[in-house]
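J.: Chains as they are written, first to last, in the working numbering: chain A, 41 to 365; chain B, 794 to 1091.
Keep in mind that the hints were calculated from the coordinates and are not lab data.
Only a predicted model underlies this, so the values are computations on that prediction, with no experimental measurement involved.
All C-beta atoms in this analysis are idealised placements derived from N, C-alpha and C, irrespective of residue type, glycine included.
Please note that the accuracy of each hint is not assured.
Below, a sample of chain A positions facing chain B; criterion: calculated Cβ distance under 8 Å [claimed, not checked]:
#, residue
1, 73
2, 89
3, 161
4, 211
5, 266
6, 269
7, 273
8, 275
9, 279
Subject to a maximum C-alpha distance of 27 Å in a straight line, what follows is the list of computed DSS-like cross-link-like pairs (lysine-lysine) [as the list claims (entries may be wrong)]:
#, chain 1, residue 1, chain 2, residue 2
10, B, 1034, A, 193
11, A, 141, A, 193
12, B, 1025, A, 193
13, A, 170, B, 1078
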Amino acid sequence: MTEVTGAAEQSRPADAAAGIPIRSSELSTWQAMRRSWQAYALLAPIFVLLIIFNYYPPILGLLRAFYRWRPGVEASFVGLQHFGVYFTSPETGRELLNMFKLLAFFFFSGAVVPFVMAVLIFRIRDTESKELYRLFLIIPMLVPLIVVILLWKQIYDPNLGVINGLLEQVGLGSLALNWLGDTATALYAIMFMGFPWVSGVGTLIYLGGLGQISESIFDACEVDGCTGLRRTLLIDLPLVLGQVRLMTILAVIAGVTSFQTILVLTDGGPGFATMVPGLTMFHKAFRTQQFGYAASIGMILFVITFTATLAVNRTIHPAVEDVRH
Amino acid sequence: MSTTTSTQVAPRPRRPLRIYQIGSHLFISVMLLLSLIPTYLLITWSFKNGLQYRWERWAISFPLRWRNYIAAWDVVGDYMINTIIVAIIGLMGMLLLSLIGGYVFARMDFPFRETLYYAIIALLMVPWVLSFIPAYMVYVRLGLLNTRLSLIIPELAGGPIFGIFLMRAFISGIPEELFESARCDGAGVLDLIGRITLPLSLPGLATLAVLNFIGVWNSFLWPLVMIQDDDKQMIAVGLYKLARSATSGGVPGWTSQDFSVWGPLYAGYVIASLPLVLLFIVLGKFYVEGLVDSGLKV
């Protein structure tokens, strides 16, 4: 019986704030912890798993970035050597430039385009078509990413691809290119994948944000004659800044760290035309067994994402809560 | 949407508004149709034989060649079953840990509660690039290379990070009176979790399940480096390898001459998409809500 009342007190933070403090200050932390053994017992399996598989690896990675490291061999300390090698190797400049180009593009395709689409759909007055549009936004998301990538690889194919096929049909066969195989076009072909970039998570998240804005704000702004683009910039945009920030951060993370699409489409080629640091990390680890070197590239990418995320968080301040309902 | 205030002002701006509406409809429709083209091509190609694929690239060819789907299932079926096994085992464990963790942080009061909570949530900030290489080494060290366990553990260990975040918020919303009365009836912690919290947090768990299932279904780089045996491989890597071997004529049972390999290959892509379609039909509401919520909470 004592245990039951104990649990009741524990799980009522409101009471703890009101009357219990006097009692809990009498208790030492140790006694309080012993009384709450059930909570710790329930959390134990979660923390065991997290420590082994989620805390240990990144910490190990930060350390091993300074070691020569491969499976089955004792790791040996090499200091800053990996970083020196990475920043002096001839391909690095190209890789980083590609990464920043992709990052800038992902901001456009992942944060800007979905916002425009969401605003347009949100202002459609006919609820039935609105629902229909939402459904059509979701359909392409039901195709697994790998299928989308493989499909676009086929669309770009120099001989069998539909892009070159279309160009030939309209008499522009001379413009047909080996889109993914040409140094000049490969990176842009990778960006173009997924055109027109409207379907998916982004638009739905923005639509959710717009749906949260209080109706009275729109009414008030209509009375003031604030419509169209003015409303978009003065009302819609400021009130979904939380979502803008989220999508921007996701775009930054994708731009800096993602390389699955590139791995499948070009594997960094032709030459090093579409190489990005993440893919170099992958190659160094799994093709040449340089795990320490790969860990150091992982660390560089971590520092870049972390700094960029902080910068985004500092720059974009979501609107205050009281204008929402 | 039109309220009394807007109808009062209406007479003047009504015309441009209607043009604006029609223009929006047009623009949205065009954009959506463009984004559906690849999906359309995928489905039509999956029903074509070699000649139809070569010469009727854009149109739907009749009769539909269902045989492609049989040939495709023979190859992708095993990958799909592997993925479903991994996903379901991982999901069960992940949901259980998220439910327990969510309950403990939402409903129990104990020293260091917030510290421990933020120790978990902080892991959301660790980008996967930092962990990818060392995690591989840790799994190799533990002898998990080329085992199904290596695919289940990331789900089981990593899934609850976001899971606890979501479930804490969800369980905090359950009225305290329900727990109160159960405690008066002598219910212990496990009863409170299993009999009260579980049935009331099914929508939250469904959201988690959908998001994680999609994650597992799309997982590519991790199984690519962890799994060597083809009979344990996951669907995304399976399709990637299939696409490579199909074009070089290396798939047993598929004729590679005269473009006839493409139909079955695309049929395989379609089959691989079906579980996500099915999931969406059954639990789509939770998926969309989950996405929108995560956009609101961050």
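J.: Against this structure, judge whether each hint is valid.
T.: Structure-based check of all given hints:
no.: 1; hint: 73; in the structure: 5 Å, holds
no.: 2; hint: 89; in the structure: 4 Å, holds
no.: 3; hint: 161; in the structure: 6 Å, holds
no.: 4; hint: 211; in the structure: 17 Å, violated
no.: 5; hint: 266; in the structure: 11 Å, violated
no.: 6; hint: 269; in the structure: 11 Å, violated
no.: 7; hint: 273; in the structure: 16 Å, violated
no.: 8; hint: 275; in the structure: 14 Å, violated
no.: 9; hint: 279; in the structure: 12 Å, violated
no.: 10; hint: 1034/B <-> 193/A; in the structure: 14 Å, holds
no.: 11; hint: 141/A <-> 193/A; in the structure: 21 Å, holds
no.: 12; hint: 1025/B <-> 193/A; in the structure: 26 Å, holds
no.: 13; hint: 170/A <-> 1078/B; in the structure: 16 Å, holds
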